[in-house]
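If you read the sequences in order, they're chains H and V. Residues in the first sequence are numbered consecutively from 2, following my numbering. Residues in the second sequence are numbered consecutively from 21, following my numbering.
It is worth saying that the hints were derived from the structure and are not from the lab. Please note that the accuracy of each hint is not assured.
Pairs of lysine-lysine, DSS-like flavour, derived with a Cα cap of 27 angstroms [said to hold, decoys possible]:
#, chain 1, residue 1, chain 2, residue 2
1, H, K78, V, K358
2, V, K358, H, K64
3, V, K554, H, K78
4, V, K299, H, K78
5, H, K64, V, K299
6, V, K122, V, K484
In case you want the letters, here they are:
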Amino acid sequence: MKRAVSAMVLTGLGLSATMAGAGEKVAMPDPAASWNTLWHHVLLDLFIIGIIFLAAGLYWVWKYRATRPNQIGEGPKLSKIAAISFAVVPSFLFMADDFFLAAKGWTVWNEYRNVPRNAMEVKVTGSMWSWNFEYENGVTTSFVVDSKEGEGLVVPLGKPVVLRMTSTDVVHSFFLPDYRVKEDLMPGRVTYLWFNPSKTGETLATCAEFCGNRHSFMWTKVKVVPQAEFDVWVAKQKQGAGA
Amino acid sequence: MSTASSGFKLSEWIFTTDHKRIGILYLIGSIAAFAVAGIMALLIRIEQSAPGPTIVSDAFTGGDQYNVWLYFHGAAMILGFLIPGLTGFAANYLLPLMIGAKDVAFPRINALSVWLFWAGIVVALLTFIVPDKPDIMWTGYPPYSVNTAGNTALYVFTVHLMGFSSILAAVNFLVTIIYMRAPGMGWNQLNMFVWSCFTALIIQLIFVPVLASAVTLLLFDRYLGTHFFDPANGGDVLLYQNLFWFYSHPAVYVIFLPAMGIFYEIFATMAKNPIFNYKAAVYGGMCFIVLISGEVWVHHLYYSGMPDWLRIGQMVTTLMISVPVGLMTISLFGTLYKGAITFNIPMYYGTAALYLLLIGGLTGIPLAMTVMSVHLGETSFTHAHFHFIMGIFATFAVFAGVDFWFPKISGKMLNVSQGKLGFWFNFIGVNITFWPLFIIGVEGMPRRYWDYSQFPAHFAGYHKVATIGAFIVAIGMVLTISNWIISAIKGEKAPNNPWGSNSLEWTHTATPPGPGNFPKPVTVDADWTPYNYK
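Kindly generate the complete structure, drawing on both the sequences and the hints.
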């Protein structure tokens with residue numbers, strides 16, 4: 002029994018460690034891609050632990066059915082050393098997995114929090130229930146959900162974007178599902194997140210912190226365009242503002 | 021369900037100081053809260069079954085209606101059903117019986133606890149009567165809860181009443197366990213359920229006052245014009261979130277521990293086995309959870325703008341919870357090893373609990389990792405995770421517990437086929453409901469949305485399946501709860517110890533136990549344990 006459990010747990014950990022070790026960091030930080038890789042490793046880790054326990058549990062439930070009335074179980078009485086080992090060994094195994102996952106998670110977390118130097122800064126203001134964007138050059142945009150009018154957030158392809166965010170009223174959260182990131186906005190503090198627009202086209206950002214009646218409708222288009230197109234767009238916006 | 025010798029008198033129940041009757045009053049109140057909160061869940065699921073208004077009136081007022089359902093579902097399930105169902109009903113009814121005591125240490129304070137609880141249920145139900153219905157979720161984050169037109173006071177008073185009730189109950193039971201154990205009963209001879217309540221109530225006693233203070237400050241901000249959470253006047257929004265989760269994460273263990281305790285009792289009794297590695301589960305599991313429960317709350321604030329070092333530090337502490345929970349899990353699974361397992365309704369729920377514990381527990385691991393949580397947090401992945409471990413695992417524990425002790429409490433046997441049918445509806449239904457939510461959660465479906473038109477069209481299909489699942493669960497719940505009521509009235513008479521347990525509540529009491537619990541004072545030997553079947 003003891004051997005069986007430790008062997009199972011050990012195999013699980015060993016396998017997960019081997020698998021998770023396979024992911025290497027890319028030179029150009031792409032937090033969303035790192036997130037996806039880590040997610041697959043974590044899933045594998047959980048899957049292995051889950052299968053081991055579930056298989057043991059279901060097998061025992063099936064195998065140790067009572068076969069006659071008033072039957073008494075024959076569960077082992079653990080010696081002192083066995084009892085301590087069954088506490089200490091699994092604890093260290095669980096801790097090993099914890100530290101392993103924590104280290105993996107911390108590595109990707111550093112990517113999330115270290116904004117590249119060449120990042121373009123956009124100020125984001127959340128209000129019940131809309132998002133407003135202000136670019137470094139003074140250009141401002143927004144997006145109206147009901148009429149689908151407005152540009153929303155427009156960013157150039159391949160250039161990291163850092164959002165400096167605050168709220169005018171209640172707590173909101175800027176959630177970019179495709180870029181695997183969110184961060185809350187609240188009055189009185191400025192928070193930030195950054196992402197690496199890696200694919201042209203439209204995606205969305207939506208509010209992920211409960212903010213009242215139109216919480217479900219507090220979203221905006223996020224458009225990724227090639228740099229040249231972005232420059233034209235900025236020029237046009239400036240002209241529009243000047244006219 | 022009468023424990024009295026003569027007929028039913030309402031005043032005898034209202035003014036009772038008998039812990040068994042108080043336990044039953046807790047059960048009735050928490051099942052009432054559960055039923056209403058369950059109806060809210062169905063409304064939520066119907067609304068989400070398709071994007072756009074389904075049962076809410078229109079896109080502009082829809083949120084107001086939907087948010088009230090969400091508020092009530094969350095607040096009532098946690099404060100009105102799970103905590104009182106486990107530390108109210110189960111602890112009240114069982115603790116004195118398990119430790120061989122005549123009653124709790126302070127029976128009148130116990131009566132006050134249940135009155136406060138019932139008052140809390142009534143205040144919570146006022147939600148449906150007042151015109152300015154609370155719409156602030158069970159978390160009540162400011163500034164929204166301060167600015168909203170909804171009624172924040174109802175929320176605060178519900179928390180106050182339930183909170184005072186919990187604090188009084190915690191003091192009462194801790195004293196009872198420490199001072200009123202039967203002569204000869206050492207700490208290592210206690211039932212697992214007693215240990216689980218002992219540790220849960222320590223958490224309750226330490227952390228409930230923090231929640232009470234948080235919501236009191238909220239009340240002041242809202243109605244007296246103070247600025248604790250108002251940054252424009254020197255307050256801080258995050259202060260509330262920190263105070264709130266400093267209680268509300270440990271509160272998860274107030275639910276989890278007794279739920280585990282119930283399954284330990286069922287496993288040991290049905291497998292006729294001693295608890296596998298009892299001391300590791302008690303000291304390394306339960307007691308360690310008490311120590312660590314207050315150091316992990318920041319995992320609810322991973323993307324709230326907390327300092328980065330704190331988000332990393334509490335990622336490590338949060339992941340470390342796998343150590344005590346893992347030890348408890350090994351002990352629970354190990355209790356089956358070489359057992360002689362009898363399958364009946366409680367053991368059906370027990371077997372399901374093995375699976376629920378794994379799904380709910382393991383999906384918590386990515387959420388414990390700061391960087392994973394930055395995407396998965398506040399999506400329906402989180403929602404499915406805590407429903408598996410807190411919602412379903414703990415609810416199944418309450419159901420399994422009622423089914424297990426039903427013969428003792430009512431003196432009657434349950435209808436077995438109806439109970440098993442109810443179980444299958446419940447178990448299949450919860451899987452159909454929550455697996456789709458895991459999947460679209462990873463794809464980015466946020467929580468607390470009644471409309472999701474901006475997301476890919478296939479989300480609607482997943483939501484529809486989840487809604488069908490919810491109705492299957494509803495059938496299971498009706499079968500389960502109606503079985504209790506019908507069987508209590510006209511079930512077959514129960515033998516004194518139908519499961520052949522070795523625990524005092526089965527071996528030394530009448531069925532149902534009379535006033536004073538034990539016909540003769542109980543003493544136990546040094547080699548007695550509730551699980552000593554040899």
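Structure-based check of all given hints:
| no. | hint | result |
| --- | --- | --- |
| 1 | K78/H / K358/V | holds (11 angstroms) |
| 2 | K358/V / K64/H | holds (8 angstroms) |
| 3 | K554/V / K78/H | holds (11 angstroms) |
| 4 | K299/V / K78/H | holds (12 angstroms) |
| 5 | K64/H / K299/V | holds (26 angstroms) |
| 6 | K122/V / K484/V | violated (52 angstroms) |
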